[in-house]
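Undergrad: Taking the hints into account, I'd like the entire structure generated from these sequences.
From first to last, the protein sequence lines are chains P and V.
Heads up, the first sequence stops at 192 in my numbering, and the numbers go up one at a time, no gaps.
Heads up, the second sequence stops at 461 in my numbering, and the numbers go up one at a time, no gaps.
Hint data in this document are derived by calculation from the structure and do not stem from the laboratory.
Cβ coordinates follow ideal geometry from the N, Cα and C atoms, glycine included.
A portion of the hints provided could be inaccurate.
Stated by the list, open to error - So the derived label-pair ranges between C-beta atoms look like this:
1. P:99 to V:278: 47 to 57 Å
2. V:247 to P:65: 33 to 43 Å
3. P:121 to V:207: 15 to 25 Å
4. P:108 to V:257: 15 to 25 Å
5. P:162 to V:203: 53 to 63 Å
Stated by the list, open to error - In silico DSSO-like links for lysine-lysine, alpha-carbon gap of 27 Å or less:
6. V:444 to V:383
7. V:360 to V:400
8. P:93 to V:219
9. V:219 to P:94
10. P:101 to V:218
11. V:448 to V:383
12. P:33 to V:369
13. V:373 to V:399
14. V:394 to V:373
15. P:93 to V:218
16. P:36 to V:448
17. V:394 to V:440
18. V:444 to P:101
19. P:94 to V:400
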Amino acid sequence: MKSLILIMISGALINNVVLNQFLGICSFLGVSKQMKASASLGVAVIFVLTIASAVASILYDLVLKPFNLDFMKTIVFILVIAALVQIVEMFLKKTSPAIYKALGIYLPLITTNCAVLGVALTNVQNGYNFIECVLSGFGTAVGYTLAIVLLAGIRSRIREEDLPAPLRGAPIVLISAALMSIAFMGFSGLSF
Amino acid sequence: MVILITTIVITVIGIVVGAGLVFTGKKFFVPVDEREAAVRECLPGNNCGACGYAGCDAMAAAIVSGEAPVNGCPVGGNPVAEKIGGIMGKDAELLERQVAFVRCKGTCEHTRRQGNYVGITDCRAAALGGVNVGECDYGCMGLGSCAAVCPQNAIQMVDGVAVVDPRKCVACGLCVKTCPKGLIELVPESKHVIVQCRNRDKGPLVKKVCSAGCIGCSLCVKQCEFDAIHMEGSLAKVTYENCTQCGKCAEKCPAKVITRPLAASGKTE
Chain P
1 MKSLILIMIS
11 GALINNVVLN
21 QFLGICSFLG
31 VSKQMKASAS
41 LGVAVIFVLT
51 IASAVASILY
61 DLVLKPFNLD
71 FMKTIVFILV
81 IAALVQIVEM
91 FLKKTSPAIY
101 KALGIYLPLI
111 TTNCAVLGVA
121 LTNVQNGYNF
131 IECVLSGFGT
141 AVGYTLAIVL
151 LAGIRSRIRE
161 EDLPAPLRGA
171 PIVLISAALM
181 SIAFMGFSGL
191 SF
Chain V
193 MVILITTIVI
203 TVIGIVVGAG
213 LVFTGKKFFV
223 PVDEREAAVR
233 ECLPGNNCGA
243 CGYAGCDAMA
253 AAIVSGEAPV
263 NGCPVGGNPV
273 AEKIGGIMGK
283 DAELLERQVA
293 FVRCKGTCEH
303 TRRQGNYVGI
313 TDCRAAALGG
323 VNVGECDYGC
333 MGLGSCAAVC
343 PQNAIQMVDG
353 VAVVDPRKCV
363 ACGLCVKTCP
373 KGLIELVPES
383 KHVIVQCRNR
393 DKGPLVKKVC
403 SAGCIGCSLC
413 VKQCEFDAIH
423 MEGSLAKVTY
433 ENCTQCGKCA
443 EKCPAKVITR
453 PLAASGKTE
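TA: Structural data, given as structure tokens:
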């Protein structure tokens with residue numbers, strides 16, 4: 001039980017996918033302009049990452065491992081995750097249009113997010129079992145959401161500041177992200 | 193051997209995934225509004241996002257749900273708007289091309305400057321500092337911020353007042369947002385009877401600063417047979433939907449601040 005909680009916390013804070021492993025930076029910087037958009041992207045990532053980790057884990061244990069096809073895992077995961085997101089999207093559109101609307105364009109966008117693939121690959125590399133994979137996926141996604149929502153908050157404040165001209169726009173966002181990353185390094189001292 | 197197994201396994205996974213997609217696609221098929229598909233057909237389909245929606249699909253959905261206007265696609269312009277209007281059954285009137293219009297007539301011959309303004313040549317900067325440049329609190333400052341933002345170069349500063357060239361205007365609305373005095377509005381192209389003043393002060397005060405300002409005499413309101421011109425405080429305002437362009441109000445206006453229709457004057461004033 002303790003190790004499961006540890007996996008989640010480690011995924012969310014200590015090995016934060018964006019600020020520590022530098023995955024999914026593109027959407028992290030691209031979508032964090034508005035708080036609302038970043039929050040819905042975060043929810044969509046939580047949703048997709050949890051399901052994708054579960055499916056990737058099953059696929060790896062039941063198909064890739066028995067056939068000794070470890071080296072094909074990247075391609076297979078890309079294929080399956082892309083299809084999975086599509087299926088989930090269709091499913092949501094039919095069964096709960098409200099959620100479908102809330103996630104909006106972000107659901108299909110996540111298909112190409114490297115964080116999703118990265119987490120699936122790290123999970124199997126660490127030799128996690130099914131439950132550990134799901135929790136790790138969920139924890140990582142929570143970490144991603146935390147990071148992007150924090151950055152969106154910082155950016156909404158930066159907009160109102162009178163910055164020196166060379167720092168306006170992308171530079172100050174990158175500096176803020178770097179400072180956030182340094183701050184998150186503090187979590188590496190977290191022990192139980 | 194490894195290659196063979198790899199090929200077979202990956203192919204099987206591919207087929208299973210593909211079959212799964214087809215199955216879910218069929219099983220969870222959501223009937224799309226016929227009009228939505230038709231509207232989507234009319235849109236350019238390059239998903240540029242200039243309309244403010246995520247793509248042409250989202251735009252089509254927004255148009256059908258009534259959230260977005262039928263002429264909301266800035267790329268397709270009028271031809272696309274007409275087609276979509278046909279599908280949506282909207283009146284052609286609503287689709288009419290709009291042009292920006294500067295509601296100030298305070299040229300050098302009608303009004304004066306308060307003094308020599310030597311700050312930043314930008315209306316917004318001057319307004320921020322509480323500077324008016326001209327004597328009228330409501331009028332065009334003449335520093336040309338609207339002309340600077342216009343992507344079509346449709347705005348010229350003529351005698352200290354911004355003038356929009358209706359042929360070049362694409363009704364993007366950038367100048368409307370830029371003008372710190374809120375002087376510019378989008379007007380249906382065919383409507384030429386416009387009160388060209390925004391001064392809300394009472395008559396004598398207006399007369400003091402500008403000889404071409406609306407003095408709030410309400411003669412125009414009495415002239416109008418179509419209930420198309422009204423007083424908002426001491427400023428007349430045309431309701432474009434009701435206006436028939438007869439030009440009677442313009443004839444009577446003592447300050448000659450209402451522009452006249454093409455037929456009556458031969459040109460818009």
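Undergrad: If a hint holds in the structure, say so; if it doesn't, say that too.
TA: Now for the hints, and whether the structure bears them out:
no.	hint	verdict
1	P:99 to V:278: 47 to 57 Å	34 Å, violated
2	V:247 to P:65: 33 to 43 Å	40 Å, holds
3	P:121 to V:207: 15 to 25 Å	24 Å, holds
4	P:108 to V:257: 15 to 25 Å	20 Å, holds
5	P:162 to V:203: 53 to 63 Å	60 Å, holds
6	V:444 to V:383	18 Å, holds
7	V:360 to V:400	35 Å, violated
8	P:93 to V:219	12 Å, holds
9	V:219 to P:94	9 Å, holds
10	P:101 to V:218	20 Å, holds
11	V:448 to V:383	17 Å, holds
12	P:33 to V:369	21 Å, holds
13	V:373 to V:399	19 Å, holds
14	V:394 to V:373	18 Å, holds
15	P:93 to V:218	13 Å, holds
16	P:36 to V:448	50 Å, violated
17	V:394 to V:440	23 Å, holds
18	V:444 to P:101	55 Å, violated
19	P:94 to V:400	67 Å, violated
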